[in-house]
Structures are given as structure tokens and as C-alpha cells.
Amino acid sequence: MANPSFRVDVHHVTRVEGHGNIVVDVQNGELKQCDLEIVETPRFFEAMLKGRPYGEASHISSRICGICAVGHATASLRATEKALGVEPSEQTVLLRKLNFHGEMLDSHILHAYMLVAPDCLGVGSVIPLAKAAPDVVMRALRMKKLSGDLCAAICGRHTHPIAMTVGGFTHFPTTAQLQELRDRLVAMRSDVDATVELFQKLKLPAFERETEYIALHKDDEYCFIDGKLVSTDGGEWPIEKYRLVTNEFLVPHSTAKRTKNQRQSYMVGALARFNVNHAQLHPRAKEAARALNLAPKAVNPYLNTVAQVVEIVHCVEDAIELADRLIKTGLTWRAPVQPPKLSGEGTGACEVPRGTLFHNYVIQDGWISGANCIIPTGQNLANIEADMRSLVPTILDKGQSEITLALEMLVRAYDPCISCSTHLLEVRFE
Amino acid sequence: MGARPKVAFFEFTSCEGCQLTVVDSLQTHPELLDAVEIVRFREAMSEKGDDYLIAFVEGSISRASDEAQLKQIRERAALVVALGTCAHLGGINTIRNRQELQSVRRYVYGDKADWYETYPARPLSAVVPIDAVIPGCPIDRGEFVAVVTALLQGRKPWLPDYPVCVECKLKENVCVYQRKQTCLGPITRAGCDAICPTYGDGCEGCRGLIPNPNLSSMKNVLAEHGMTADETLAKTTLFLTYQMMELEAGTDG
Numbered sequence: 404m405a406n407p408s409f410r411v412d413v414h415h416v417t418r419v420e421g422h423g424n425i426v427v428d429v430q431n432g433e434l435k436q437c438d439l440e441i442v443e444t445p446r447f448f449e450a451m452l453k454g455r456p457y458g459e460a461s462h463i464s465s466r467i468c469g470i471c472a473v474g475h476a477t478a479s480l481r482a483t484e485k486a487l488g489v490e491p492s493e494q495t496v497l498l499r500k501l502n503f504h505g506e507m508l509d510s511h512i513l514h515a516y517m518l519v520a521p522d523c524l525g526v527g528s529v530i531p532l533a534k535a536a537p538d539v540v541m542r543a544l545r546m547k548k549l550s551g552d553l554c555a556a557i558c559g560r561h562t563h564p565i566a567m568t569v570g571g572f573t574h575f576p577t578t579a580q581l582q583e584l585r586d587r588l589v590a591m592r593s594d595v596d597a598t599v600e601l602f603q604k605l606k607l608p609a610f611e612r613e614t615e616y617i618a619l620h621k622d623d624e625y626c627f628i629d630g631k632l633v634s635t636d637g638g639e640w641p642i643e644k645y646r647l648v649t650n651e652f653l654v655p656h657s658t659a660k661r662t663k664n665q666r667q668s669y670m671v672g673a674l675a676r677f678n679v680n681h682a683q684l685h686p687r688a689k690e691a692a693r694a695l696n697l698a699p700k701a702v703n704p705y706l707n708t709v710a711q712v713v714e715i716v717h718c719v720e721d722a723i724e725l726a727d728r729l730i731k732t733g734l735t736w737r738a739p740v741q742p743p744k745l746s747g748e749g750t751g752a753c754e755v756p757r758g759t760l761f762h763n764y765v766i767q768d769g770w771i772s773g774a775n776c777i778i779p780t781g782q783n784l785a786n787i788e789a790d791m792r793s794l795v796p797t798i799l800d801k802g803q804s805e806i807t808l809a810l811e812m813l814v815r816a817y818d819p820c821i822s823c824s825t826h827l828l829e830v831r832f833e
Numbered sequence: 006m007g008a009r010p011k012v013a014f015f016e017f018t019s020c021e022g023c024q025l026t027v028v029d030s031l032q033t034h035p036e037l038l039d040a041v042e043i044v045r046f047r048e049a050m051s052e053k054g055d056d057y058l059i060a061f062v063e064g065s066i067s068r069a070s071d072e073a074q075l076k077q078i079r080e081r082a083a084l085v086v087a088l089g090t091c092a093h094l095g096g097i098n099t100i101r102n103r104q105e106l107q108s109v110r111r112y113v114y115g116d117k118a119d120w121y122e123t124y125p126a127r128p129l130s131a132v133v134p135i136d137a138v139i140p141g142c143p144i145d146r147g148e149f150v151a152v153v154t155a156l157l158q159g160r161k162p163w164l165p166d167y168p169v170c171v172e173c174k175l176k177e178n179v180c181v182y183q184r185k186q187t188c189l190g191p192i193t194r195a196g197c198d199a200i201c202p203t204y205g206d207g208c209e210g211c212r213g214l215i216p217n218p219n220l221s222s223m224k225n226v227l228a229e230h231g232m233t234a235d236e237t238l239a240k241t242t243l244f245l246t247y248q249m250m251e252l253e254a255g256t257d258g
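If you're matching them up, the sequences are chains W and A in order.
Using the working numbering, the first residue of the first sequence is number 404, and each one after it goes up by one.
Using the working numbering, the first residue of the second sequence is number 6, and each one after it goes up by one.
By construction, these hints were calculated from the structure, which means they are not laboratory data.
When the alpha-carbon atoms are kept at most 25 Å apart in a straight line, the in silico PhoX-like pairs for lysine-lysine are as follows:
no.	chain 1	residue 1	chain 2	residue 2
1	W	689	W	606
2	A	11	W	534
3	A	53	W	534
4	W	663	A	117
5	W	621	W	663
6	W	744	A	185
7	W	700	W	606
8	W	534	W	604
Label-pair ranges, simulated between beta-carbon atoms:
no.	chain 1	residue 1	chain 2	residue 2	range
9	A	159	W	406	51 to 61 Å
10	A	42	W	606	24 to 34 Å
11	W	527	A	9	10 to 20 Å
12	W	730	A	80	48 to 58 Å
C-beta atoms are modelled at their ideal positions from N, C-alpha and C, and glycine is treated no differently.
Put together the whole structure using the sequences plus the hints.
Structural data, given as C-alpha cells:
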């Protein structure tokens with residue numbers, strides 16, 4: 404195949420959240436087109452938030468995504484709290500972190516085990532995997548259940564959280580519940596170790612492309628909520644200046660907006676967090692990274708899943724420590740902190756499973772008058788396309804089905820959440 | 006026992022949280038996988054089957070070009086089940102139905118608004134006949150298992166026709182109104198085990214109205230508890246916009 408011509412046309416990429424197509428057009432060995440089309444229906448959440456009472460914002464915006472509902476609610480609450488001058492208590496901050504770990508674990512386990520592992524093990528999906536390796540699937544379901552139970556104890560349910568509200572919580576777990584969850588987390592360590600072992604064996608494509616990696620950062624913890632924006636290209640920005648980083652723009656083949664910072668694209672997500680914040684990882688997570696041969700700065704996008712495995716280790720350990728702190732101080736039922744004012748502008752930012760999420764609200768007399776949400780997958784789209792355009796010319800000698808698989812796996816590695824970013828992905832080889 | 010019935014999952018405008026809840030239900034009911042054969046579940050598997058008995062459809066319809074696919078699903082499936090509030094009642098997507106469409110489009114996409122197709126969001130039943138619904142945002146895991154069981158037994162799934170208040174009382178919750186909050190429990194269909202009041206928040210009506218709801222009485226109660234007309238409108242249009250607009254138009258029969 405000296406000068407191949409072919410089209411790759413993957414309509415509605417599977418095992419991702421939302422709808423996207425991959426379109427590749429190669430003529431006489433030359434790459435003519437290589438797009439990631441986002442064909443999800445437009446969702447208009449920003450317009451729906453406008454004109455609603457501030458107290459509804461976290462409940463409306465959690466419906467952006469069933470997988471990162473807690474993340475959207477948290478970013479939404481932080482935006483509202485900053486707009487209205489609300490300072491949450493230390494107990495609230497600790498509970499939110501613990502709750503956040505539940506969602507991070509649930510999402511990472513789903514992605515690593517059910518969406519990515521089948522590719523590496525050469526089976527079509529988790530259904531045949533359940534027949535080929537039932538112990539692996541049962542382990543994933545067991546770990547996922549604990550993650551969901553953690554969220555359920557704190558906020559009622561993971562999709563869509565109930566007890567999280569501006570200034571605090573409307574319900575609290577009992578100490579006995581916390582103790583039970585803590586003990587189950589400790590017992591989960593053997594499943595976590597088995598997860599690291601599984602991903603040590605999995606073979607991922609050896610493609611590298613260096614890019615700009617951006618994540619929230621704090622000096623004293625592996626940051627998921629608040630902090631400041633830090634780039635591996637240098638530079639840091641307070642959350643309020645997020646627009647200087649995201650620079651949104653539209654392209655006709657996507658209902659999701661795209662972003663760029665210091666280059667034509669940048670990456671957010673587990674790999675970006677690892678590259679920016681590896682020093683703040685829990686020692687056991689650092690150990691797992693070494694076992695998985697993941698070292699900063701890692702520039703193979705397929706390794707995003709491996710970085711998620713490292714974060715699974717970190718979140719389990721940090722959740723145990725958070726539970727210990729809450730059990731030691733004892734949980735007290737506290738009414739949510741009431742806002743001292745009802746007008747203002749605020750920006751909330753969180754590291755949700757797929758990367759940095761921003762919610763920005765303008766509130767007037769208790770009603771939202773302006774809203775802007777920037778979702779991780781939207782930020783990654785331009786970078787995924789840049790990876791695709793760099794990868795395809797290097798594998799033109801492979802068959803069309805192999806190229807298709809490599810591209811689907813690449814897109815999947817980013818763990819895209821297309822209904823978040825409006826809903827995202829189809830691979831179409833043309 | 007004959008071949009397992011084939012089931013397929015589809016989604017339109019939604020967060021896919023209901024399908025995620027289906028995945029979660031497998032954590033506690035793995036035997037579901039022995040009872041049915043899943044031929045299509047894009048979020049979880051690559052295989053794409055076009056031969057299925059039951060189609061579970063999540064999401065509302067929010068653009069004309071999605072109608073053809075839904076009609077095709079209707080033709081192929083013996084049973085179409087609306088999965089969750091978006092499919093059942095249009096859900097959160099219908100909030101924007103009370104705003105002028107073009108201004109909604111411009112607010113999000115600016116001068117590129119015409120690049121992206123949309124129309125007022127609607128439930129599946131506005132496009133094709135539906136055989137069963139699993140209400141809720143998101144669906145309740147237990148109810149999903151119960152509805153699937155009923156369908157496999159050839160029965161029509163049963164949904165409560167009484168309000169959330171009944172379940173809330175059975176849980177011995179302190180009434181949300183006693184805690185100086187407001188709640189749509191008196192007019193909302195039960196079946197969620199009153200999960201929101203149990204976790205300290207008022208019912209938001211995601212499961213839809215009970216038959217013959219006393220809306221004027223509900224509005225009086227909300228007013229007595231300090232809600233302005235605007236706040237009441239917001240409360241009753243979070244999940245209920247489509248049903249409320251139908252009632253206003255007098256088309257509910």
C-alpha cells in the first residue's frame with residue numbers, strides 16, 4: 404500500500420458518553436481530512452440557567468452529565484458561593500472532598516474497566532469480557548458499588564446529588580455509616596492493587612505527542628476543588644481569569660465549543676493532573692505510578708487511562724484519611740450558611756474525572772442573570788484532533804480496521820463526555 | 006426456556022444518567038444479564054444490533070432530525086419504554102421552552118446560532134406512541150428492575166397514582182414544610198421512596214404530576230409559605246414545564 408486512498412467513517416463512536424463521529428479522508432497517501440465531529444444535540448444549559456433562582460443552579464447543572472453530576476454540582480455551588488460571599492465550613496469542605504472521591508472512583512473504574520480494558524484484552528465490550536474474565540468484571544462492579552455507596556451516604560445518590568446545597572448540606576451521614584464506608588475502603592485496597600496489576604499487563608499504543616497540560620493546583624494537596632490554574636508550559640492563573648486560558652471558539656462540525664491557550668490546543672484530565680500535580684499524590688499512588696511506568700511529563704495520550712488508575716489509588720487513600728478526620732471530629736448537623744448578599748459574580752472550578760470544569764454565574768437579587776459553563780471534553784476536543792492528525796500519517800501502512808481501532812481507542816482514552824460538552828463523538832473514516 | 010428477549014438502549018437529548026443507573030442496577034441485580042440479551046448499549050458496548058424486542062429510550066426530542074430515528078426504533082421494537090424524565094416528560098430540557106427559541110440559540114452560540122439545529126424540547130410521546138414509562142431524574146434502580154420484570158412477564162408495569170407525600174409519611178420524615186422549605190410532594194407521582202425529602206430537600210416534581218393534581222391548592226400552599234409568583238413559577242417549571250404548558254393550553258383532555 405504505497406499510496407493508499409481510503410475513508411474512515413465511524414458513525415457514533417461507542418463506549419463513550421454522548422455522540423461523536425471520526426472522519427478521516429486519505430487520498431494517495433496524503434491526509435486530506437481528519438475531524439472529530441460532535442453531533443450531539445445542542446443542550447443550551449447556559450440559557451436554561453438564566454432566569455432561575457440561585458438555589459436551583461446546582462440541581463439544574465448536575466443534569467448536564469449523569470457521570471460527573473457531583474462535579475457539576477460542586478463547581479456550580481462554588482460559583483454561587485463566591486458570587487454571594489458564602490464561606491463553607493471546614494466540615495462542608497471535607498464532606499465535599501469525600502463525596503468528590505466517590506464520583507472520581509466511580510467514573511474512573513467505569514472508564515478503565517468497562518470502556519478501555521475490553522480494547523486491550525481484544526474483546527468487543529464489557530459483555531463478552533464478563534464471560535471471558537468474570538472475576539475482573541465482578542471486581543469492577545464491586546469497586547463501583549462502594550464508590551456509589553460513598554456518594555449515596557453523603558448526598559443521597561451519585562446521579563443526581565440531592566443533599567448538596569449552597570453553604571453546606573441538607574443531610575449528613577451518621578458516624579456509623581462513615582465508619583462502615585471507611586472499613587470497606589480499607590478492604591478495597593486488595594482490589595485496588597489488583598487493578599494496578601491488571602493495567603501493568605495491558606498494552607497501550609506507543610504514540611507520543613507533546614502538548615500543553617493544564618490542571619488546577621494547590622501546593623499542599625492533590626487538587627480537585629478550587630486552587631489555581633497551572634500549565635506545564637509555564638504560567639498560572641487564578642480561577643476567576645479562566646477565560647484567559649480557555650479562549651473558546653466554534654467550528655462548524657461540532658456542537659461543542661473548543662478551546663486553546665498557549666498553543667493550538669491543550670489537554671485536561673487525569674494525565675494533565677498527573678503531569679502538573681504528581682508531587683502532591685499520596686505515597687501509595689506514587690508507588691503505583693512507578694509500578695505502571697508512568698513518570699512526568701508523560702506525553703502519550705493513551706496513558707490517560709493509566710493516570711486514572713493512579714488516581715484510583717490516590718482517591719481511595721485520601722478518602723480513608725478524610726473519613727478518619729470526619730470520624731475523629733464527629734459530624735454535626737449544621738444548617739447551610741446563608742448568603743450575606745444576593746447579587747454578585749462568581750466562578751467555581753473543579754477537576755472532574757475528565758478535567759477542569761468551570762461554572763461562572765452572575766446573580767442579581769437572587770436570580771441568575773448570566774451563566775457560562777466550560778466543560779473538560781470541550782477543552783480536549785482540539786487536542787484530540789491534533790493527536791489524530793499526528794497519529795494517522797504514522798500508521799497509514801496499517802489496514803483500515805487497525806487505523807479505525809487506533810483512533811477509537813485514542814478518542815476513548817480521553818474518556819470524552821459528549822453530553823457534557825453538549826454531548827460529543829462519532830468516528831467516520833472517509 | 007426459549008431465547009432471551011433482545012433489548013436495546015438508545016438516547017436522545019439527555020445526560021445519559023438513566024443508562025448509567027441501568028449499569029448501576031447490574032451491581033445489585035447481575036441476574037438481569039441472564040434474563041435478557043442486550044444487543045445495543047452504545048455507552049457500554051461496541052456491538053450494534055438492529056433486531057430487538059424492547060427499546061429503552063432515554064432523552065427528549067429537541068430537533069426535527071431526531072424524529073426519524075425514533076420512528077425507526079418504534080417500527081422495529083415491539084415495546085418502546087421511555088427511560089427517565091427527559092423521555093417521559095421532556096425533562097429539564099423543556100425549561101427553555103418558555104423562552105423565545107432564537108434568543109436561547111444566540112445566548113449560547115452567538116452569531117453562529119444557525120449552525121446548530123434545534124426546536125422546543127418534547128417527550129417521546131409527542132412523536133411516537135409509547136408502551137411504558139420509567140419516571141424520574143434519574144430513574145430509580147428498583148423501579149427499573151420492577152418494570153423490566155413486569156414487561157418480561159407480559160404484564161403492564163404498574164406505577165403509583167398517589168403523591169410522594171404518601172411515601173414520605175411512610176418513611177416518617179419530618180414534613181419539608183415544617184422545616185421552612187417548600188415541596189411539590191402533594192402533586193407529584195410517588196415511586197421514588199421520597200428520596201429528596203429524605204435527604205433534606207423538597208420534591209421538585211421530576212416524576213411528573215399525579216392524575217388530577219390540585220394545582221390551585223398547591224400554589225396557595227406555596228404562597229402561604231412565602232413564595233412569590235415568580236418563585237412558584239420557577240418551582241413548577243423545573244421538571245414540569247411541558248405538562249404545565251399542556252395544562253395551560255387546555256390540551257390535557
